[in-house]
Amino acid sequence: MLKINNLHVAIGDTEIIKGLDLEVGSGELHAIMGPNGSGKSTLGYALAGREGYEITAGSIEFEGQDLTELEPEERAAAGLFLAFQYPVEIPGVNNAYFLRSALNAQRKARGEEEIDSITFLKTVRESLNSLKMDEALLKRAVNEGFSGGEKKRNEIVQMAVLQPKLAVLDETDSGLDIDALKLVAEGINAQRNAQRSFVVITHYQRLLDYLAPDHVHVLSDGRIVESGGQELSERLEAEGYSFLEAESEA
Amino acid sequence: MSAILNKLAPESELADDRYGDIRRRAHQRLMQYGFPDLKTEAWKYTSLRVLEKRELSATGPSEAGQPATLPFEADVIPMANGLIDPDRLNLPAGVRLEPMAPADLINLDYGDRAGAMAWLNLARFEQAWRLVIDATLERPLVLAMTSSSDFAASVHPRLQIELAAGVEAVLIEQQADRGAGLINIVEDIALARGSKLRHVIQRRNADSIWVQRTRVTVSADADYRCHALDLGGRLVRQDLSVHLLEAGANGEIDGVAFIDSKQHVDWHTAIDHEVGHTNSRESFRIMADGTGVGVFNGRIHIQRGADDSHSDLNTANLLLSESARINIKPELEIYAEEVTASHGATIGQLEDSALFYLRTRGLPVDQAMALLKYGFAAAPLENAEPEALRDWLTAELETVL
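Going down the list, the sequences are from chains A and B.
Just add 94 to the spot in the first sequence (first one is 1) and you have my numbering.
Just add 635 to the spot in the second sequence (first one is 1) and you have my numbering.
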């Protein structure tokens, strides 16, 4: 599904990602952990194609396609979804209208028929209900006046409606209380299947307890320095990132 | 600038009709005060020099284009090339149109050179109409102001619109000028006690120079609401002043202007709280693209003794290109003590983060930008009622995004 090879990403003159390798297979859920400033969000933005995040070396292959050649909207249509750490407020644009336009733009790009409004509303309502979100949010402007938790849950609603092949979730758990965290985890688990893959960027073990990732990676200074199973995240939770330094010195 | 004056108002061409004395007096004032230039505060960002170069013909063509059909039932008063043909009207019950009496036009004062265009109108108007609305209207009343593509004359329409006590009406000025003339309108609107007017100004002009001065007076417990969608023109200058004359008067202005390359749109609004226990609210948004130029000057004036008045003025503006320009000036003048008055003004550009967010969801750049522009500009139109009116205005807005 996703093959990242020796990726280097710079913002301006500063190199943030310094030779990252990662391979994500169909249906897999990978967790990426790491201290602040290690390059986690930069990886998310580079995958989604944000302007100013320059790929100076290496490659990103998504389903056999060179992802770096595509515009952000083409990446979306190809099946990539990024859940933002800080979802953006779009004043004056109705949530339902936005989501339906986005879905239809993707379908059009793939040569598919537009979705009819009944099917669309049914899908959105189901995901809203499963995340215990008020249907009135559909009529409100995108993320405007949403609480921090509502914004994060809204990202999961969008993911459920857009049905990506690969979802990159950037700290979707941060700022959530325990109940909301559980709902978000359930929302993610409900979307898991043998064809859909996830890259979950997080600081905390708690979300991973619910998700049971197939692989856990530790990102430090722009490189993956450690990979393992869920036991790795448990160790990080217990010992912090300091053990990495101890290991690299040893 | 006296060349312009002699071109626009040669003394020899003043009509010697029953308004003759009024015209001569106005002409005298015009000559005495002269024309505004960029040193005239109220005309600081809008130059009328373009009139110097414009070849204006003496008379307009006889036929003007039809206004676009509205998506709801309405009664239409056509004003073609600045003229209303009273024989072709089919007015609803409770509405009458009659020529203004000279007595209604004496003792008018438009001040010094800042009011030159109003003096010019008074000297040269072709028709002066009194439109009286005596009964609550079931359907919107539309003033369809159109001109044809070969229209290159100057016209000076004059209107006095009166709402009787307790009457409710929706009045739509649908302005679609396709020519390259000068349209110089003076309009007075009076709301008697307890009346309600929704006043829509929907403008989409071509190359004309369009100057409109609208003065609204609001009596006790009357409610004036303006919904403006200005899609620009070569040069548009709109003055809108709302005078809250008696306790309980309410005045609201919601406006959006979208200004594209080679367009210049200048809105000067003023809300005057002449007595206490009066309320006002204004929200105005401008988007300028290409080489478009926008001006918004919003004045709130709360006079001495107008206690317990409340006022809120907000303007937000969006520059869509490097060469677009927007000049904004909110002005609050408060001479009363027990009042609440707030104002806010912002000017900015489309946010890259918002554009990126929409693109990651699959929207192509053009579509994402149109959505962001719509989100910015549609807010003031949300207050338009009934729903069919709001839908029409937002649909009109979408056609230019």
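Hints in this document: simulated from the structure, not taken from any laboratory.
Each residue gets a CB set at the ideal place from its N, CA and C atoms; glycine is no exception.
A portion of the hints provided could be inaccurate.
As the list claims (entries may be wrong) - If you want the footprint, here are the derived chain A segments under chain B, 3+ residues with CB under 8 angstroms:
#, region
1, 123-137
2, 185-193
3, 208-214
4, 303-309
To be verified - Using 20 angstroms as the maximum straight-line C-alpha spacing, the simulated EDC-like pairs for lysine to aspartate or glutamate come out as follows:
#, chain 1, residue 1, chain 2, residue 2
5, A, LYS233, B, GLU646
6, B, LYS679, B, ASP1026
7, A, LYS202, B, GLU986
8, A, LYS245, B, GLU986
9, A, LYS233, B, GLU966
A quick look at each hint next to the structure:
| no. | hint | verdict |
| --- | --- | --- |
| 1 | 123-137 | violated (count 0) |
| 2 | 185-193 | holds (count 5) |
| 3 | 208-214 | violated (count 0) |
| 4 | 303-309 | violated (count 0) |
| 5 | A:LYS233 - B:GLU646 | violated, 60 angstroms |
| 6 | B:LYS679 - B:ASP1026 | violated, 36 angstroms |
| 7 | A:LYS202 - B:GLU986 | violated, 26 angstroms |
| 8 | A:LYS245 - B:GLU986 | holds, 19 angstroms |
| 9 | A:LYS233 - B:GLU966 | violated, 35 angstroms |
Checked against the numbered hints given earlier, this structure breaks hints 1, 3, 4, 5, 6, 7 and 9; the rest are met.
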